[in-house]
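Participant: Fit chain W to the given chain P structure using the hints.
Protein chains: 2
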Amino acid sequence: MTNVKQIGFIGLGIMGKPMVRNLLKAGYAVTVHDSREDASNELAADSAVPAGSPCEVARRSELVITMLPDSPQVSQVVAGKDGILEGAQKEATVMDMSTIAPATARELADLCRPKGVDFLDAPVSGGESGAIAATLSIMVGGKAEAFDKCLPILRTLGKNVVHMGASGAGQSAKLCNQVIASLNLLAMSEGLMLATKSGLEMEKLLSVVSAGAAGSWMLSNLGPKILQGDLEPGFKVRLLQKDLRLALAAAEDLKLPLPGAALVHQLYRSVEAAGKGEKGMQALVTAIETLSGSSLTGTRSA
Amino acid sequence: MTNVKQIGFIGLGIMGKPMVRNLLKAGYAVTVHDSREDASNELAADSAVPAGSPCEVARRSELVITMLPDSPQVSQVVAGKDGILEGAQKEATVMDMSTIAPATARELADLCRPKGVDFLDAPVSGGESGAIAATLSIMVGGKAEAFDKCLPILRTLGKNVVHMGASGAGQSAKLCNQVIASLNLLAMSEGLMLATKSGLEMEKLLSVVSAGAAGSWMLSNLGPKILQGDLEPGFKVRLLQKDLRLALAAAEDLKLPLPGAALVHQLYRSVEAAGKGEKGMQALVTAIETLSGSSLTGTRSA
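So the sequences go chain by chain: P and W. Counting from 1, position 274 in the first sequence corresponds to residue 274 in the numbering used here; the numbering is continuous, with no gaps. Counting from 1, position 145 in the second sequence corresponds to residue 145 in the numbering used here; the numbering is continuous, with no gaps.
Simulated from the structure, these hints should not be mistaken for lab results. Any given hint could be a false lead.
Because identical chains share one entry, a pair is satisfied inside a single copy or across any pair of copies.
Below, in silico cross-link-like pairs of lysine-lysine (BS3-like), each with a Cα-Cα straight-line distance of 25 Å or less [said to hold, decoys possible]:
(1) K197 with K242
(2) K143 with K236
(3) K197 with K255
(4) K204 with K159
(5) K276 with K236
(6) K255 with K204
(7) K143 with K197
(8) K204 with K143
(9) K5 with K159
(10) K5 with K115
(11) K143 with K25
(12) K204 with K225
(13) K236 with K159
Pulled out of the complex, with its shape left as it was, chain P reads as follows (with noise of 0.2 Å):
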């Protein structure tokens, strides 16, 4: 087992970026693609070196790493045309680090197989503010050695890094993850405007509720900005809603009903209806708003 040393990324997004200097801060050499130009060129002023294409960017990287959209760019760079399979070294890794259908990362890891490369799925949780701070959970599908070999590097973007099976196994872990922290949302919603409309005093509601058994990350750390009124992402209603999305075809696939989720996914459409896709996704509490008639966020502007 060799130590990687030359590190290809592509996509330098809200994550992608902050991912990159993390990586560029441990001493790692890092090739850097996206399809606007400028966020390169931002990243070479940290020394990142830009490449024109994710196979470019393959022939010099014995790890490329991708954090993407969603399930089609992924599959475009990995196995498109000028992608990273046409350039890629023997015995490279390419780990997608974007939340895609664990279906589709399992198809990528068979494309690549025959080709002697190896393909991790490792989805990640913590937003922008872990992926600045190197705390991003992250969780981990593919073949164990090459999980091994990635570790050191996971460990420089994260700090809950666990392999969680085969390939598929990290974004079905995400999407899992997914389902929950939504239905959080959706507890917390519906929990404070039942409380703002019965008259309670919201930040003494907060306090007793979050120390108890109805206490959660979310009512935690988003509670607060609800009663501010800060909507800011975060992480957006948008992103939130293509993951539901796959979680939901995932679960569709398994013949799993999930009421709940699909519950939340509805009225996120609501949300998105109102123009809050770019929203963070606390702004579900908006959907209970609308339904109601009355407001929340904003009344009570710290």
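Facilitator: Okay, now just chain W, sitting in the frame of chain P:
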């Protein structure tokens, strides 16, 4: 403001019994009553004094605490024949620690007021284990002076004691707590079912999702029980259903749609239909098992 020394306690069930023991341990004189005589006699062995009726309890007590199943029982014990108000001392306080309708709490406060009796609603969260360990969260509604007078006693019974506001505010806060808690249970149930159907290693999945943005008290405390197939209460399905019924009724009065809470209430109906009303609230997962014809609980007994 005098220090309360003589306490009456009516309702000696799973919660009431350990609460009385904590009061006795703290040195209070406690007169007890329960419709089942053997419950009173059991506590007499711990030096509580049994009384034949709520009225008789009230004659001997500066503060009367009630801990009963639901609104009708509390109304009967406070304002019915041989009830507390028939025997209440001048300047006595009645503190109802049951979970009942906020509107009923307000009505009872209105009935007590002309007799010079203060009424506090003070529902608790934390279940049997919290009652035994005196770590209950207690949400209190009613006059500030009455709250202050009872605070030393409340601190004997719980550790997170908050005065939420006027009469009914304690009950309203409790119902918000139950809405959030029950939807967090649905979040866990759907997430864990998706994980098990996806073939993930459940202990790993639970540990990774508990640590991040999907984390909740439910996941940390009842998730492991679900994986072990342990559906024992804790807090019973039947009682959470009663609380959800109260929450949905309060929301109806407030013209507030709570689609998630309504869904959880319906799913628990399926749990009750399967004869699991006396199981712990984590049995919600069995509704998702039933919907999908697959099993999770008990398949991985530790």
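Participant: So, for every hint listed, does it hold in this structure?
Facilitator: Status of each hint after checking the structure:
1. K197 with K242: between (31 Å within a copy, 21 Å between copies)
2. K143 with K236: neither (31 Å within a copy, 43 Å between copies)
3. K197 with K255: This pair counts as between: shortest inter-copy Cα distance 9 Å, intra-copy 38 Å.
4. K204 with K159: between (33 Å within a copy, 15 Å between copies)
5. K276 with K236: Answer is within; shortest intra-copy Cα gap is 9 Å, inter-copy 39 Å.
6. K255 with K204: Between copies only: 23 Å across chains, 42 Å inside a chain, cut-off 25 Å.
7. K143 with K197: Between copies, since 21 Å is at most 25 Å while 52 Å is not.
8. K204 with K143: Between copies only: 16 Å across, 49 Å inside.
9. K5 with K159: within (20 Å within a copy, 54 Å between copies)
10. K5 with K115: Only inside one copy: K5 and K115 sit 21 Å apart there, 82 Å across copies, limit 25 Å.
11. K143 with K25: So K143 and K25 fail the 25 Å test inside a copy (28 Å) and across (59 Å) alike.
12. K204 with K225: within (15 Å within a copy, 31 Å between copies)
13. K236 with K159: within (23 Å within a copy, 37 Å between copies)
Of the numbered hints listed earlier, those contradicted by the structure are 2, 11.
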